[in-house]
Each structure stands twice: as C-alpha cells, then as structure tokens.
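Those protein sequences? They're chains L and F, same order as listed.
Here the first sequence stands for residues 38 to 225, numbered as in my numbering.
Here the second sequence stands for residues 38 to 225, numbered as in my numbering.
Careful: at least some of the hints might be erroneous.
Identical chains blur together in the list; that is why a pair holds if it fits in one copy or across any two.
Stated by the list, open to error - Below, a list of computed lysine to aspartate or glutamate pairs in the EDC-like style, where the Cα atoms sit at most 16 Å apart: (1) Lys219 to Asp118; (2) Lys88 to Glu69; (3) Lys192 to Glu177; (4) Lys219 to Glu177; (5) Lys88 to Glu78.
In short, the hints are calculated from the structure, not lab data.
The lines below spell out each chain.
There are 2 protein chains.
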Amino acid sequence: MSRWEPNARGRLEQAALELYSERGYEQTTVAEIAKRAGLTERTFFRYFPDKREVLFAGAGTLQELFVDTVTEAPDAAAPIDAVAAALDAAAAQFQGRFDRVRRRQAVIAANAELQERELIKFASLSAALSDTLRRRGVGEPAASLTAEAGIAVFKIAFERWVEQSGDQDFAHLIRESLAELKAVATGA
Amino acid sequence: MSRWEPNARGRLEQAALELYSERGYEQTTVAEIAKRAGLTERTFFRYFPDKREVLFAGAGTLQELFVDTVTEAPDAAAPIDAVAAALDAAAAQFQGRFDRVRRRQAVIAANAELQERELIKFASLSAALSDTLRRRGVGEPAASLTAEAGIAVFKIAFERWVEQSGDQDFAHLIRESLAELKAVATGA
Numbered sequence: 038m039s040r041w042e043p044n045a046r047g048r049l050e051q052a053a054l055e056l057y058s059e060r061g062y063e064q065t066t067v068a069e070i071a072k073r074a075g076l077t078e079r080t081f082f083r084y085f086p087d088k089r090e091v092l093f094a095g096a097g098t099l100q101e102l103f104v105d106t107v108t109e110a111p112d113a114a115a116p117i118d119a120v121a122a123a124l125d126a127a128a129a130q131f132q133g134r135f136d137r138v139r140r141r142q143a144v145i146a147a148n149a150e151l152q153e154r155e156l157i158k159f160a161s162l163s164a165a166l167s168d169t170l171r172r173r174g175v176g177e178p179a180a181s182l183t184a185e186a187g188i189a190v191f192k193i194a195f196e197r198w199v200e201q202s203g204d205q206d207f208a209h210l211i212r213e214s215l216a217e218l219k220a221v222a223t224g225a
Numbered sequence: 038m039s040r041w042e043p044n045a046r047g048r049l050e051q052a053a054l055e056l057y058s059e060r061g062y063e064q065t066t067v068a069e070i071a072k073r074a075g076l077t078e079r080t081f082f083r084y085f086p087d088k089r090e091v092l093f094a095g096a097g098t099l100q101e102l103f104v105d106t107v108t109e110a111p112d113a114a115a116p117i118d119a120v121a122a123a124l125d126a127a128a129a130q131f132q133g134r135f136d137r138v139r140r141r142q143a144v145i146a147a148n149a150e151l152q153e154r155e156l157i158k159f160a161s162l163s164a165a166l167s168d169t170l171r172r173r174g175v176g177e178p179a180a181s182l183t184a185e186a187g188i189a190v191f192k193i194a195f196e197r198w199v200e201q202s203g204d205q206d207f208a209h210l211i212r213e214s215l216a217e218l219k220a221v222a223t224g225a
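If we strip away everything but chain L, and leave its shape as in the complex, we get (with noise of 0.2 Å):
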C-alpha cells in the first residue's frame, strides 16, 4: 500500500503544464511529470490514463457544471438562456486561473494531436448540452442548435480571452459574445 500523498492530483498537473511548457509536450515523459511532483509513475496513473488526460482532467469537472447549471435553471427559462447562466458558471469557474489557462492552451496550440483532443472536448459538451436540453423539454433541432450556438460562444469567448493580456474578464467576453450571436444569427 502506498502512502497517502495531499494533493497528488493538483501536483501531477502543474508538474506536467511545467514539463510541457519547458521542454514541449512530445519530449516529456510520465516518469518525468511524476519525479517533478516529487510523486511515483504508479501514482500518476492512479490518476490519469495517459500524459495527453491530464491536460484535458478539467473537462469533466466542467461538462457537470454545464449540465447542473442547465437542470437548475428555472422551467420559464428560454433555452439560450439556460445556456447562459451555464456560460456564466463556467466564467466564474476560470476566474483566477488565467495564468494557467494560458500556459496549457500555449502547449495545446503547439501540437496537432492536443488540438484535436480539444475539439472532442467541445463536441462532447455540446452533446450533453443539448441532452440536458432535450430533458427539460426542448425539441429538435432547437435542442442541438441551442447547444451548438452556446458551445461557439464559449469556444470564441476563451479564445478571446487567453489571447488578450488578462484584463477583460472571460464573464465579460462570453456575454459579449452572446449579444454578437444574436446580432449576427438576425443579420445584423
């Protein structure tokens, strides 16, 4: 049995962004990530299948977000704006966590496997989005459209605000966003 190591995740994942960022993605190995946590290899893959996995652990813990956000909305709620109150929720989940958001995103653009994985990510969120959707009673295709449209504001909003210097909050792009969605979707 091992011993219990406090916050081998957390440690894990920062010693990984570090790796990546210093050395590239390719050029680093599990046994790497691992000694840089002060952890072992066994460790790490209590925690994560793979080296690419730790980079996308978040996704998860942000698709729950999205779906109970959309569930807990209140029945009057119009889709988009279900959809909304979960953009937000997301917004207020990356707060203070731009100097990482940066870092990993740096290392996702620099590979094309990575990039790939990432639009994955955005579909399967798009998907539970418009099934948490259809749950509360949407159609199709209002349901997915839905979906998709808050997905792309989310998409456009991040990337926005990762590649700016920080000082516009990701709360303030994603509603801004929005309103452009709506502008552009009626031909404005």
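Since chain L is already given, all that's left is putting chain F on it; use the hints.
Just chain F, lined up with the frame of chain L:
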C-alpha cells in the same frame, strides 16, 4: 508508366464504401479496395494517402464551394446571408446523393476514429468560412461566430437529413435549421 484508368477516383470511392459497409472499415484493406475497383494499390495511393481519406475526399470540394460562394456574395449581404447562400449551394451539391451519403454516415457512425476525423473536417470548414468572412471585412468575434453558427446549422440539418427517409430535401432542412437558429438565439 501506368495506363490511364477512366474515373479511377470514383471507382475507388465506390469500392471502398461498398467494402466498408459489407465488412466494416477496420476489416477492409487498401489491396481489397483496389481489387474491387479493378485497379492496383499503386493507383489507389495516387489518389488517396490511406483508406481513411477515401471517406473524406469530398471535404476539400465542399470547403471550396463554401469559400467561393461567400466570396461571391453581394457586398451588401449580411454575413449570415452570405453563409446561408453557401449552405444552399452545398445542399444543391448533395442533391441526388442521398443513398451514398447515408451509407457513408453509417460507416462513420460505427467508428470513433472516423467520427473524430469528421469533427476535425467540420472545424476546418468553420475556420475557412471565418477567414473568408474576415476577407469580406467582417470583424471579430462576428466572423468566427457567424462561421460557427453556419457550420452548426449545416451539421444539424445534415444529421436530420441522413436520419430520415429522404423525403425532406436537404435544402429545406437547412432553411428550417437556420430559421430555428435565429429563433433560439433571440430567446424564442
């Protein structure tokens, strides 16, 4: 030098789709595809890098059609209307190819790697569309949001078209999804 084979590309595509449907994608080899088409493996590799790309050979043509249609839209056209024209042009291109498209979708739906590839093709399409809109003078985030919204409409109309019996034409489903997007974006 090899002799000229009439419509080699089309014959290879047809043979691949038949074999993927009959035996499954994983179980089919390039040698079998070439044999079924009455051609050599060497000829296959003159047209396609691997057996996966046979299924995505149309993506480049579709992207060109999107880009050209948006580029040629009247200067006064709103971005969403330029994209709507591109979607109409795409629908016209799919006209009369329902059985083949449906067969292809069944092959893709059965394989996670192919589904991921399809996602990536849609993301490229969206990036090409937003580049084209920016060249028309559309700013950000409007260009990216319009492109993402247009691709969402296309994907969802495409899924609905493939899943039904083929009675409703693709152009009609695209127009319906676009109208629905406008309704959901404005909170209807």
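Tested hints:
Taking the shortest Cα distances, Lys219 and Asp118 sit within 16 Å of each other both inside one copy (12 Å) and across copies (14 Å). Only within a single protomer do Lys88 and Glu69 lie at most 16 Å apart by alpha-carbon distance; the minimum there is 11 Å, versus 37 Å between protomers. Taking identical chains as interchangeable, the C-alpha atoms of Lys192 and Glu177 lie at most 16 Å apart only when they sit on different chains, with a minimum of 13 Å there against 23 Å within one chain. Taking the shortest Cα distances, Lys219 and Glu177 sit within 16 Å of each other only across copies (14 Å), while inside one copy they are farther apart (19 Å).
Taking identical chains as interchangeable, the C-alpha atoms of Lys88 and Glu78 lie at most 16 Å apart only when both belong to the same chain, with a minimum of 11 Å there against 37 Å between chains.
Checked against the numbered hints above, the structure violates none of them.
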